[in-house]
Amino acid sequence: MTLRDHAIRYGFILLLFGLIAYFATAADGFVSPQSAVFIFQSVAITGVLALGVTATLVVGGFDLSIGSVATSAMMAAAYVMVVLEQNAVVAVIACLLIGAVVGLINGWLIVYMRVPDLLATLGMMFLLVGLQRIPTEGRSIATGMTMPDGSVANGKFSDAFLALGRHRFDFFIPNLIPVSVVVLLVLAALIWFFLEYTRFGRMMYAVGSNERAAELAGAPVKAYKIWAYIISGVFASIGGILLAARLGRGDIASGNNLLLDAVAAALIGYAVLGAAKPNAFGTAVGALFVGILLQGLTMMNAPYYTQDFVKGVVLVVALVFTFALSGRGRR
Amino acid sequence: MIFFQAYLSGVEAQSKALGVDLRVLDSRQDAALQADMVDQAIALGVQGIIIQHGLTESMKEAAQRAVDAGIKVVAFDVNVENPEIPQVEQSDRDLARLALEQAVKDNGESWKAGYVYVAGIAPLDRRNETWVDVKKKFAGINEVAMFGTLDNPIANSVANQARSVLSAHPDIKVMFAPYDEFAKGVKIAVDEAGLSKDIKIYSADISTSDIAAMREPDSAWAATAATNPAVVGQVSVRVLAQLLAGEDPGHNVIVPPTLITQKDLVDKDIKNMEDLSAKLPQFAHADVAMPAWMPNPNAK
Amino acid sequence: MGNHAVFRVDGLRKSFGHIEVLGGVSLELHAGEVTVLMGANGAGKSTLVKIISGVYERGGGTMGLAGPDFAHKAFAPNTPAEAIRAGVVTVHQNINDGVVADLDVATNLTLDRLSGSSAPFLFNPGRVRREAKAVADRMGLVIDLRARISDLSLADRQMVAIARAMAHQPKVLILDEPTSSLSSTEADRLFALLDRLREQGVAILYISHRVSDIRRLADRIVSMRDGIISGVFDQKPLDYEGAVNAMLGRKIHLDRIVARNSAKAVLTADGLRIAEGARPFSLTLGDGEVVAVTGLVGVGKTALAEMLFGVRKPLAGTMTMNGRPYAPGSAGEAIAAGVFLVAKDRATSGIVGDFNIERNVSLPFLKRTSRLGVLRRRIERATARRQIQELGIVCRSEKDEMSALSGGNQQKVMVARWMSQAARLFILDEPFQGVDISARRDIAAKLRASASGRATLLFVTELDEALETADRILVMSEQTIVGEHRNADIDLERLLAEVAGRPLHSAA
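These protein sequence lines are chains Z, B and H, in that order.
At position 62 of the first sequence the residue is numbered 62 (the working numbering), and the sequence of numbers has no breaks.
Here the working numbering runs 331 ahead of the position in the second sequence, where the first position is 1.
Here the working numbering runs 631 ahead of the position in the third sequence, where the first position is 1.
Read the hints as simulated data drawn from the structure, not as lab findings.
Any given hint could turn out to be false.
Stated by the list, open to error - Only pairs whose alpha carbons sit at most 27 Å apart, straight line, appear in this in silico DSS-like list of lysine-lysine:
{"#": "1", "chain 1": "Z", "residue 1": "Lys156", "chain 2": "B", "residue 2": "Lys467"}
{"#": "2", "chain 1": "B", "residue 1": "Lys599", "chain 2": "Z", "residue 2": "Lys156"}
{"#": "3", "chain 1": "H", "residue 1": "Lys681", "chain 2": "H", "residue 2": "Lys704"}
{"#": "4", "chain 1": "H", "residue 1": "Lys802", "chain 2": "H", "residue 2": "Lys704"}
{"#": "5", "chain 1": "Z", "residue 1": "Lys156", "chain 2": "B", "residue 2": "Lys528"}
{"#": "6", "chain 1": "H", "residue 1": "Lys1030", "chain 2": "Z", "residue 2": "Lys277"}
{"#": "7", "chain 1": "Z", "residue 1": "Lys156", "chain 2": "B", "residue 2": "Lys610"}
{"#": "8", "chain 1": "H", "residue 1": "Lys998", "chain 2": "Z", "residue 2": "Lys277"}
Said to hold, decoys possible - Restraint-style ranges between C-beta atoms, simulated for each label pair:
{"#": "9", "chain 1": "B", "residue 1": "Ala363", "chain 2": "Z", "residue 2": "Thr306", "range": "20 to 30 Å"}
{"#": "10", "chain 1": "Z", "residue 1": "Ile20", "chain 2": "B", "residue 2": "Gly451", "range": "27 to 37 Å"}
{"#": "11", "chain 1": "H", "residue 1": "Lys998", "chain 2": "Z", "residue 2": "Asp159", "range": "19 to 29 Å"}
{"#": "12", "chain 1": "Z", "residue 1": "Phe126", "chain 2": "B", "residue 2": "Glu392", "range": "34 to 44 Å"}
{"#": "13", "chain 1": "H", "residue 1": "Arg1007", "chain 2": "B", "residue 2": "Gly451", "range": "53 to 63 Å"}
{"#": "14", "chain 1": "B", "residue 1": "Val377", "chain 2": "Z", "residue 2": "Asp149", "range": "28 to 38 Å"}
{"#": "15", "chain 1": "B", "residue 1": "Pro612", "chain 2": "Z", "residue 2": "Pro303", "range": "52 to 62 Å"}
{"#": "16", "chain 1": "H", "residue 1": "Ala1013", "chain 2": "Z", "residue 2": "Thr25", "range": "45 to 55 Å"}
{"#": "17", "chain 1": "Z", "residue 1": "Thr306", "chain 2": "H", "residue 2": "Arg1017", "range": "51 to 61 Å"}
{"#": "18", "chain 1": "Z", "residue 1": "Phe126", "chain 2": "B", "residue 2": "Phe469", "range": "43 to 53 Å"}
{"#": "19", "chain 1": "H", "residue 1": "Ala958", "chain 2": "Z", "residue 2": "Ala7", "range": "22 to 32 Å"}
{"#": "20", "chain 1": "H", "residue 1": "Lys998", "chain 2": "Z", "residue 2": "Asp149", "range": "53 to 63 Å"}
We treat Cβ as the ideally placed atom computed from N, Cα and C, and that holds for glycine.
Work out the full structure: start from the sequences and follow the hints.
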């Protein structure tokens, strides 16, 4: 391998370690188990969304609706528990169902109605941003809120549900690892294994690279594409569950920032280990990269707009790594 | 949205108490439409108009036309630059002052502070002026970190930032978060960092879910200052009634905010906004524009 | 016949990474001559063409182009546009590189002038059509100028791409396998045009493997092998055999096919109709035999292949596999029944570009290479290695990217993919397209050697390819089968007549 090949393969990982080393010296308290766990926690929600969108990127698609799926799931969880006074299990099932149904509709629009993926999921995003306001006429949901008909919603977030956002597992240090981090790690491992080591994941990559070749190799291409959107939708709704559990209420929100951060993580992932393609490990590293940057910059009192700027710079650099330096740009 | 509904309920209550025939024209945040609606009201032949929010540029001339037509006009939270028109205002500076006075009362005059602020948002800028003054007045108040973002969901994004700030500065004693979404985010971070007994949060604004968060056992959220939007609505109608009765309410009518502490909420068992109005009289009613003849809509 | 060297390259070198593709190539092109460049896939022909046409940067050496005074000036184009402006025009092998699919014929024919810096700012459709008509007339191109390229057949697109290149009135014209998708009539039109250009004094570099093209056109033959010129032949009569030998570096033994007969039918089709108004036909494919279907471009060969493979529905007719009804509804069902297809045009319908050799080979049979959905990579690798060995695929390892392989080796990977499991009916649609002679012979030999236990069906436009490979040859014309020949003492005259659509009827 030439120096250039090494640079492409390990450049981004090296950059990550450099960043950690820099913050370790520049910001007090950056290096500690708690700080590390917190970085994971801060990227858990966008990370889960990013893993979902990775599935759609693998089949050559895109999902712009994940942010609004997450916030819609958050509203649904709040509505089920606070207004309908159901328990945590019902709330979780409702969220997952919403994610799966939205994914199914996205896939159906794209595969059977032939709507281009960006447009179909953009439409879905607008639809969901509006839909989540309808049941409460635009109010955020919290215990004791007044409903449009004047009644007061008396249900509350169940303790079991809130534990998804607040419980911590012991790991050498008591109360160290929050549930959301465990969820992130488990889902990352699952989707990584699925994409790299199962025939379904392999076929999804084939569909994304050459749809016709995959079809002529006997793959049910349409089904694979729809499944990719269902995975994306379900992952986004899991992100929404974690969000609801952390906030403890249902906030009206478009989720656009969640979408942008998740997409950035997935695209940064292209550059990790010179993969030059969507991949679960890269996505997870990409999310961590953004998390470390934000943690370090915030600790050093950098205002929020410089953080957006730095995020953008990282994304552009990662894309240059992917498209200019590795094989994709050639020819 | 929520603010407007509460404001409107106050307007309706005071109108009912006065026997006013009320028409509500909703411009849905369309500046041009809002100006047209003033003309529509003039054509309807109303006696008085309350203009709520809007832009000086679009409303100034429309308001003048109404005054020229002999109609009494009151403006809330929009400066129509007209000496004939009383301006009803809620005071962002007073909001910040009340919360910070409580912070000094609780924590003394010397502490390390974290401050949540995003520049360029008018009410936050006004609240910031007070924070700057307070820091000047008390040299012992040391702002070690300033952060803030409006990335939505805001509480989630602010929580992430606050967590970073707390790992960099675990010795922060007071968090000043003069917007309830900020305070909510800071509280999540403080809880996650296990510091809820060591840090106190002071904020502005209030909602039912804020009340729940403040009432949690060992909640770090110590106090908030808020103006009741319903009271602002009532005051707006009362000022208009005074004008129609030929009285002078004054050009600037300021609706004072109320300090709400965790202790108030727990002691009085206040669980939501309705309880707050019922059990904290200063929140339910402001003694502004209350001549003797004026009916009090809160009197039962 | 002019003897001026209009164009000259000297000691041209090029490497990709460690791999040296051109190791010092020197070549002269003469005005009014057709120089045919022959070379196996991977010999460096395409790289040479891409350097001359300004797509690649050269690694070393010089190029020179004669001016009006015959003095050579350095020629070093940085972009394709520069090469074209200097008078060196290339028609690339990939037709879609030469045309813009969403625009109409007229716009395509005048595109370079429209995008040039001297082009008028405003687009004048009338003028564009007049200019386009002039270009088309010079070419003898009969085509609707308003038709969109994407609605044209591959052959028509090719003609437009060539016509577009002609519009520049080039000094040097380079054609990279231009006839690979043309029918023989269309090829004849192209040859006539090249004759005209030759008379006008254009120096032509013509890259092809087709012996018929070479015999028809060549004034000189240059053979290339492993990145160097391995032979130049310009003494009349041209030594074709010597040129082929120089290209391959070894002597080809033209094995005579010993045509086999089959007793056991694998697939039968009755009353099959593949297009409205086409005559229905029947078909029987036997165990152990290799059958080639030949015919011009567009006579329904691919349609028939796709019907057998389940991706297209026949309009009428029934099929049986091993005596049982066979009506596949998808490629997946066909594969499950043991019917495999090496599809035409590997770049768009075969190769998965993001996958390496190993993963391209295993693609259709992942179910068999996995347990409970989890891939068994050891089996996958062993299969790929075995297939690389079996087909003699030239590569460093099974992990090589497809883009690192020559066209012939890429095609071998496609064949290896479908030979990694036992087929009942093995269909190959134009398996020799863009494949050099030696790879073609390897593949054909492999097909014949492994033929027992299945029926093998090839669809080829080139008659040579059918004659070299098949036990039995079927001829298609106008969406139906019009002739059948056992590949032994074939009546070639009759076969060619059937291909041309005017069968010699012995009766009635």
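Verification of the hints:
no.	hint	in the structure
1	Lys156/Z x Lys467/B	violated, 43 Å
2	Lys599/B x Lys156/Z	holds, 21 Å
3	Lys681/H x Lys704/H	holds, 20 Å
4	Lys802/H x Lys704/H	holds, 14 Å
5	Lys156/Z x Lys528/B	holds, 24 Å
6	Lys1030/H x Lys277/Z	holds, 17 Å
7	Lys156/Z x Lys610/B	holds, 23 Å
8	Lys998/H x Lys277/Z	holds, 24 Å
9	Ala363/B x Thr306/Z: 20 to 30 Å	violated, 37 Å
10	Ile20/Z x Gly451/B: 27 to 37 Å	holds, 33 Å
11	Lys998/H x Asp159/Z: 19 to 29 Å	violated, 46 Å
12	Phe126/Z x Glu392/B: 34 to 44 Å	holds, 35 Å
13	Arg1007/H x Gly451/B: 53 to 63 Å	holds, 59 Å
14	Val377/B x Asp149/Z: 28 to 38 Å	holds, 30 Å
15	Pro612/B x Pro303/Z: 52 to 62 Å	violated, 41 Å
16	Ala1013/H x Thr25/Z: 45 to 55 Å	holds, 50 Å
17	Thr306/Z x Arg1017/H: 51 to 61 Å	holds, 57 Å
18	Phe126/Z x Phe469/B: 43 to 53 Å	holds, 49 Å
19	Ala958/H x Ala7/Z: 22 to 32 Å	violated, 55 Å
20	Lys998/H x Asp149/Z: 53 to 63 Å	holds, 55 Å
Violation of the numbered hints given earlier is confined to hints 1, 9, 11, 15, 19; the remaining hints are satisfied by the structure.
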